Amino acid sequence: MMVRMGQASNAADRRDRRFGYALAAPSLTVLFLIILFPVLSALFTSLHEYTLIAPNFDTFTGLANFKAALGDAEFRHSAWLTLRFVIGVVLLEFVIGFGVALMLNKVERFKPVYYAILLCPLLMNPVIVGLIWRMFLHPNLGIVNYLLGTIGISPVNWLGDTKIAIWTVILVDIWHQVSFMIVLLLAGLSSLPKEPYEAARVDGANAFQCFVHITLPMMRTVIIVTLLIRFIFAVKTYDLIYIMTRGGPGVATDLVSYFIYRTAFVSLNIGEASAMSILLLTAILALTAYLYRYMRSLN
Amino acid sequence: MAGIELKNISKVYGGSVVAVDDISLEIKDGEFMIFLGPSGCGKSTTLRMIGGLESISKGDLLIGGKRMNDVDPADRDIAIVFQNYALYPHMTVAGNLGFGLKLRGVDRGEIERRIKAISSMMGIEALLERKPAQLSGGQRQRVALGRALVREPQAFLLDEPLSNLDAKLRAAMRTELIKLHHKVGTTIIHVTHDQIEAMTMGQRICIMKDGHIIQVGAPLDVYRNPANTFVAGFLASPPMNLVTGRLEGNGGGDLHALAGAARLPIPEAFRAGYAGHSGAAVTVGLRPEDFHLAPLAGRSVPVAVRTVAVELLGPEVILVAELGGAGGPEIQARMPRDFLARPGAELTLHYDLTQIHLFDGQSGTALARPQIA
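Order-wise, the sequence lines are chains A and B.
Once you know that position 10 of the first sequence is 10 in my numbering, the rest is easy, because the numbers rise by one and skip nothing.
Once you know that position 53 of the second sequence is 53 in my numbering, the rest is easy, because the numbers rise by one and skip nothing.
Simulated from the structure, these hints should not be mistaken for laboratory data.
Remember, it's a predicted structure, so these values are computed and weren't measured experimentally.
Warning: the hint list may mix true and false statements.
[Unchecked claim] Subject to a maximum C-alpha distance of 27 Å in a straight line, what follows is the list of computed DSSO-like cross-link-like pairs (lysine-lysine): (1) A:K106 - B:K58; (2) A:K194 - B:K131; (3) A:K194 - B:K102; (4) B:K116 - B:K179.
Based on the provided sequences and hints, a complete structural model is requested.
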């Protein structure tokens, strides 16, 4: 009797599962067509000599495109630049974001107003952000240099100077994305239990000790997840570069996404560009897998 | 060790919400004091003001004779045990116990020695390397108590520390806290809404309602001589039956309370106190345990009741009945465990008149009479 009941429920389970797959099939198909197919196609292309001048898969080159990409000093430069850009952007956004989140966490009045203001940049398209800032930062006509001029600072060539341009991009990215950090960290902070803080006050901890011994350890998971998400997104930065600098001056802001774009659509070397994007995808996937595993390990 | 004194203390939130209204209380050095009251009565707020987690809006707080109103919680030399334990989730049990000492700059050897002593006292030596998430509720409670004890403070403030435990564990921890108080002899203030905790644990109970202290006294004293209908209806389970009635008769032998159809002669000892209220509306307080099946020589009076329901609790039976017959006010009476009655059955119980309580019909304040000892 028991055995039969077990079998019956197994059969029901199987039926449920089949029905579930049937329901998911249409969206899985669409996902396959629009995401997995291009990825596989890029992988296939990366193994061939495929240029826009000779768009065919006649010559199988194995890993030659990957070797060429890794051997390309410009690709290595942009990969290295991207790494520094990402670390710089994420760390600065984290420090500013955590600071602001800590302050806002203490605020009791007008909280929704602050939220609304903070969310404004996040709601804007990166292309628009780039266009606006390019206008602001125009060496002769921009408002930034005008304002600096009123307090006697000589005009800065924000996007034209090889030493300054990357920092300008970093600053604009911070302006655009720091609210993301603030909002996530603030959500984390406001969900922390109050009692350990009271216990710590009775135990004799001052504000700094509370922060080090209570806030940071309790926020650990939120911090790691926030950093990883932001890291993954920052690696893909493309629109800001395209709009503001086109990788220039020279190759001073040539982040890897933009460099891949140039290889594919300026140099017309689709095969090598595909190999580069596969490399980039691998790096991002590795980060994502780590993030996913980390988040699962929390449960 | 130190006594704690509250002088006309008030807590006002946002300029208008009065959580605690002008209370004064002296807690003696080494005393086990209970703050008892329903949710929102201000007992936790009072405790938190003593602990320094809430500012004091008005009045003075003295610990060990020194004014502590503006002293940092850490410098009041008190320890607080929170309702949900408030352990540091990322620290081990040993880390939790030692954190306060570490912040105070106690040297490492001494910290370890104290952690060892306290953990063996609380029976948590085996848990020292665990994190709070890996502990059961009872174990967390022990760690929280241990964290308070390890600092050897002048007073312990316990904010409903047992309310998150299951019934069996709660009873066990009650006994343990009492033992602990005997052992360390430190002043303890224990906030609770559980009247069993209040009756069993404290040397004195301070009963609060709506930000006021209603009554302070030894548990049995408060039980026997409740100051008003609120205290009468709050302590003990089932609580005192409160029946609207009237005091009648002249000062002599015919002075009696009418409760529903029941006529309850006032015993001689109380007559002088109650006589002045003759003719007034009163609330008659009858404890369920003062109804008996057989007459008590010279001090009981038969009362007719009609059975409504019978609750079999095992060690005793709670009889729910209408006083004076059908349609009378509903009362509860404690009966022996073998008592049986069908709903609707008419019975005669014997009420112990020496335990009668009369309260002002309007204000609910107990009418003056000699205290029952």
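Structure-based check of each hint:
Only pairs whose Cα atoms come within 27 Å are accepted, and A:K106 paired with B:K58 is accepted, the gap being roughly 25 Å. A distance of roughly 19 Å separates the Cα atoms of A:K194 and B:K131; the hinted pair therefore holds under the 27 Å criterion. About 21 Å separates the Cα atoms of A:K194 and B:K102, which keeps this hinted pair within 27 Å; it holds. As the CA atoms of B:K116 and B:K179 are separated by approximately 20 Å, the hinted pair is consistent with the 27 Å bound.
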